[in-house]
Every structure is written in C-alpha cells, then in structure tokens.
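> Chains as they are written, first to last, in the numbering used here: chain A, 1 to 256; chain B, 1 to 318.
No lab work stands behind these hints: they were computed from the structure.
From the three backbone atoms N, C-alpha and C, an ideal C-beta is built for every residue, glycine too.
Among the hints, erroneous ones may be present.
[What the hints assert, rightly or not] Residues from chain A that keep clear of chain B, each with C-beta distances beyond 12 Å, as calculated: (1) I34; (2) L41; (3) L91; (4) S206.
[Unchecked claim] If you want the footprint, here are the derived chain A segments under chain B, 3+ residues with CB under 8 Å: (5) 4 to 18; (6) 78 to 87.
[As the list claims (entries may be wrong)] In silico contact screen, one side only, chain A against chain B (beta carbon under 7 Å); selected entries: (7) P97; (8) L114; (9) T115; (10) I118; (11) G119; (12) R250; (13) E251.
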Amino acid sequence: MTEQLRAWTFLVTYSLRRQLFSTKVIVAAGLLGISCLLVLLASMRRTISPQWFGEVVTLALYSPFVFPMLLLGFGTGALGDDRDEGTLGYLLTRPLPRSSIYLGKLVATLPIALTLAIGGLWLLCSIASRTGTPEMADVFGVLAWPHVLAAIAYLSFFHFLAVAFRHSTIIAIVYVLFIEVFLGTVPGVIKRVSIRFYSSSMTFDSGSRLGIAPPEDLVFQPISGAAATATLMLITAGFLAAGTWVFARREFRDVT
Amino acid sequence: MNAAVVVHGASKWYGAVIGVNEVSLEIEPGLTGLLGPNGAGKTTLMKLITGQLRPSIGEVRVHGQPVWRRALARKRLGYSPDGDRFHEELTGFQFVYSMARLCGLERRDARQRTERTLARVGMADRSWKRLRECSKGMRQRIKLAQALVHAPDVLVLDEPLSGVDPPGRLELMDLFRELKEESRTVLISSHILEEVEAVTDRVILMAHGRVIASGTVARIRDLMDDYPLTVRIVTDRARELAAELIAHERVVSVRVDEGNGVEPGRVVLRVRGAEHFFRELPSLVTSRGLDVRSVEPLDASAAAIFDYLVGGRREVDS
C-alpha cells in the first residue's frame, strides 16, 4: 500500500470515528425517535397499508423533512466541522491531494449517514408492518433503493455546500425547508429542483404494484424510474465534481 | 545553493489588502528567524510556504516542488500553526499519532515515532491528558510534536514559544538547536526579537508584507545599531550628566528634567550604537563622580526598530 493510500484510508477511518462520536448522531437519533413514535401512534389507530405509508410517512414526513435534515448534519459537517473548529490546516498541510481529502471526508460520512437514514426507514417500515396489511412487508424493499440514492445525492450536495460557503449548515437548513419541504409539494415542474422529487418518482415507479402512488397524479407528475435514477446519479456526480474542484482551488484563510 | 525553501517574487492579496508583497527569499538548512510586528505578513508567508495559500503572483517551492500544487512536496514539511486549535476530544498522544498516520506512516511506526516525538518535546508523561485539559504550554508542545512526528526536513513553526513558561522556553530552544544540528531547515516566527535572536543564525525581518532586511543575526544587529534608541537615566545631578552626555559622539539628542527636590532628575537621550554606548556609560559616570540611580531603554521593542527599518528596504549580505 502506498503512503498516500495509507494516509487516505486513515483519513476515512479517523473522520468516521469523529463523526460517530459527535452530537449529530444524537440529533439524528432524536429525529428518528420522533418519527418512530408518530408511526407507532398511527399504527395503533389504524391498519397501515402500503399506499397510506407511502403517502403519509415517506412523502409527507420522512422523505421531505426528517431524511434530509438527518443527512444535513453529516454532509455539511464532514469538512465543515474541521473548518469551524479551525483544524482544517492540519489536514491541508499533510501530503494528501486536496481532492482526496474532499473525497475521503465524504466517504467517511457514508456508513453512518446511510445506516441512520436507511436504518431509520427500515425501523419505520417495521413498526408500521406490525399492525399493517400483509403487503407492508414488501414496502421497505421498494423504498430502500430510492432512498439510498437520494441519501448519497444529499450528502454530495451538502458536502459541496460546506466547502463553497462559510455558513453551510444555515444554507442547508434553508434549502431543506424551502426547496425540499415547500417547493417539493407545489404543482408544476418547479419541484424538479428538489432531490426528493426524483426519489419519490423512483418510489412511485417501483411501488405501483403495492399501490404506492402520488396522491394526485396531475399535480405531482412523476418522471420514469429510470430517468429519476439517472438524474440522482448525475446530481451526485455533479456536486462531487464541483465540490472537488472548489476544494482543490479554494484557500481557507479561516483555518489554523 | 541548497535552499530547501525558495520564495520567488511572491505576493498575496486578500482582496484589496496585501498580505505579502513581492517577497523573494531562500531558506537554507539551519535555524532562520522570521521576525516582524503583528500584521507584518509572517503568518501569510508561512501559509504560502506550507501550501495552505496560493501566491497571487510568484511561486513558492519546497525542495524544488511547487508546494500549493504538489501534495508530495508537503511530505517533507512540518507545520506548527499559531492558532490554538485542536481536536479537543483527543489526548495529546492520539492527536500526534493521528497526524503521523495522516502522513502515511504505518501503525507501528507511527506509534513509535509518536512516543519518541512526545518525549522529545517534553510531553511523554502528560501525553494521555485530553487536549481540552492541557495548558497553553502543553498545547504548544503538542503542536510542535505533530509537526515533527513524520521527521520532516523543513519545519515551519509559527510563534512556537508563545504561551510557554520560561523553563519550557529554554527546553524548546535546546530542541530547536538540536534540529539545527540535524541539518533541518527550520523557520521560526516571532514578534519578539530576543526570542528569535537566541536560537537563530539568520533573521528575516518583515513589515507591511515586505521583507525589510535579512541576514545573519550579527549583521542585523549592526543594522539596528543605526537606530537611535531612547534611554532614560535617573540621577540627582541631571544637568551635569546631560552636559557630559551631549558631547558624546553617539548621543543624538538630550532632554533634561531636573526634578523637584523630592523626585530625582531625569535625562532622556537618543543614542546611536546603543550597545557601545552602554559599555562606555559606566566609566563616563564614575570618572565625573555622578550618581546614577537607573538606566532604562524606552523603545527597545522590536516594533520600534521595525518602524525605523521600514523607512527603507535594507538588504544585508549574509
């Protein structure tokens, strides 16, 4: 193993450890706990069907708000924490190419962020399945892949924000509330600027056999699953490339 | 010429503000002091040398490689920043070990080097303390250790003695001398002249983003001899002393305050070649039977000397 690869591997594990023992995990667990409680309360009142779960839980609560908010902390914090703590200088003076630092920091967030985001989704599905219709057992299988792709796209976007802007967390929160929560529900093509539009389109495409469909087809107007998959991958690759480019060229005067 | 660090015509602008202005210098193995008042551009120059900043114009090379573009150029570089920032949740050992691993060292090698380096900076017995619980002096030593742990041959140390107690300073100065004996290239910044002078062979003076003088400590001292130092002498016979001093070849001006019978008199004079003057003063005073209570330089700080030197750029051959 070359020295640079060894250093990069250590960067990933070191960053992963730091994220694992951060307050972000507690915040994410809190958000998931509230979501689980709401689903539990709902499951006590009614028999949950895939259609209801798809509409209410994933499209109204989890996908537009809890999911991106949970990922936001990890995406913006991967490099943003070092920047805020003033310790980025220690990394920038190591013999690692800046692009590899950028990539390594993103890779380090994936295991934790995906475990929490997709694990959280699995937990919601499991709680709903306890008193739900038999088809509920298949819902997680339908929702998992769109959410995995969406999670990586969000992380890539938030990671980009952290190197492009000083107060990336605030910008990311505004983005989630305005673009994902608000614009993501308005009629017309404007909602296509939100990442969740594409994960929702994928969900509707693969979930149609379970009755998971947009509440009003004419208002939501989903695109095909293949197109949505390709778009999410493009968003991920685009922000990854843009972030790498910015980080490799940007000077951080506010670091130690 | 075997300069490890070459800065060629480098300028750095922060918008309309100039951080470093047309700096060209070569730093050879040994200890080099980078001296200047706060805001002189020392830290900007150090960040250029360590590849954290890109020069607006000009170039900075470490061992012949452009340090901003080539990550491998930083392999032989150690940097101790001025800022007191750490991953606070870690112990000193964990932090230095992590920095060693981030330089590509293998686990066992990194562990051994971390232990050795922490012992070298006097932190062997305190390395298991969490950084948030460490004193300023201990944190300085940890910063130094993380810069040294991968055995770089170029070390850039930004205010490494700041916050260290006097015995600790002596220990670290000994360490710097050891680094010199190991033929490493060490650049140490400070705004305190005496601090740098005690350990370095060569000094670079900066002010307003420019290198205003550079050379050996002895030559810089000669240059500083031209600077008229203000000295206050407290005596009961101020007028008589002033009359003697005004005739002295090194005295530029004299002002007398005769006192009021309760307070003793004072003579405030400006003198060139202060070192020689202070050597000659005792014999002058005793030969006239004058009673001197105290002699106090009023503006011997580095800042005052810089103000004088900034008047014109002075190149000193080393």
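> Would you list, in rising numerical order, the hints stated earlier that this structure does not obey?
Violated: hints 3, 8, 9, 10, 11, 12.
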